[in-house]
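**Student:** Residue strings, one per chain:
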Amino acid sequence: MAMDAHEIERLIKARIPDAEVTIRDLAGDGDHYAATVVSESFRGKSRVQQHQIVYDALKGEMGGKLHALALQTSAPTR
Amino acid sequence: MSIQQFIDNEVKSNDVVVFMKGTPQMPMCGFSSQVVQILDHLGVTYKGLNVLDSEELRGGIKTYSNWPTIPQLYVKGEFVGGCDIVREMFQDGELQTLLKDKGLAVKGSVSA
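Sequence order for the protein chains is F and H. The numbering used here runs 445 ahead of the 1-based position in the first sequence. The numbering used here runs 1 ahead of the 1-based position in the second sequence.
Each hint should be verified, as a subset may be incorrect.
Here are the computed lysine-lysine pairs in the PhoX-like style, where the Cα-Cα straight-line distance is at most 20 Å [what the hints assert, rightly or not]:
1. LYS510/F with LYS48/H
2. LYS48/H with LYS13/H
3. LYS510/F with LYS22/H
Negatives, chain H to chain F, calculated, CB over 12 Å [to be verified]:
4. MET2
5. ASP9
6. ASN15
7. ASP16
8. ILE71
9. GLY83
FYI, nobody ran anything at the bench for these hints, they're computed from the structure. Even for Gly, the Cβ is constructed at its ideal location relative to N, Cα and C.
Next up, chain H with everything else stripped away, as it sits in the complex (with noise of 0.2 Å):
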């Protein structure tokens, strides 16, 4: 299985999933971290994988996104953005509604 097969592979058959450096318990990174945290603190289930464990990994999530940094964020299968997009969504609330509107549990949901 090549690289872009693994990871088209974990971002459909995970809810969420994040490419990030170190692991959701041990982030190596603060970027990473900011992702890690907002996420934890809506309560969603995610699976982390460290690209600082496969410099193949690393260079083909950058590949499959066309997106240059890490981490990076997928929900159902799509690309929703590295660090500051998350961070702005996240205050905006949107990134609430995205997960919600893809059915996918948050905690402390506002109404709108």
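So that you can see chain F by itself, here it is in the shape it has in the complex (with noise of 0.2 Å):
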């Protein structure tokens, strides 16, 4: 069970359009991935909050499909 790099980053720009998505496919195994996720949509939220909007892009395939998702999210730095 695996997900491509650009799926994800697929699904993240779906639900946030501004969001500037990076992705590393940390182990190369298309199985654990560091996601960094900019979006202005996120200012003034939690970091929870910012993370269960990303989750929520994914469609469920976090802790499912997709086993590993590092994840740091983001307001742009004015």
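With the hints in hand, could you dock these two chains into one complex?
**Tutor:** See below:
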């Protein structure tokens, strides 16, 4: 069970159109990724809320098809 | 008692709770291990609940928190986050501040 990095990016951008998404395949196995997501829509939200938006974008694949996605979220620095 | 009631009771009757894979003494997952190491480093007293012992707990905590992954950290009944958030907060000193603000003892605290 693995997921393509482009597919992850596509799902995130479908939910958060202005997101700047950077994805690294940590182990080269299509199963362990690190993603950085920067979006204006995160401003004023807690980290938990920001991550929940990204998890929501991944439509339940997180913790299922997608085993490990280390996530870092933030609003753009002004 | 339903699993949701069980979880609710655990997070409200213990100051710090970690839902994890394995036990604090023997974590069975690198992410769970990281959270335990951070809490141990801070000298915080916490309760570890092993989701591998119960499929009901494993599913139930994901629903309870609306969070898809394990580990999950609760402080005084409030969901703090998973491994990434806990690590980021620890590195920024935010976790230490949160624990102190909640009246919990933290070892080696840096004064602001």
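**Student:** Does the structure break any of the earlier hints, and which numbers would those be?
**Tutor:** 1, 8, 9
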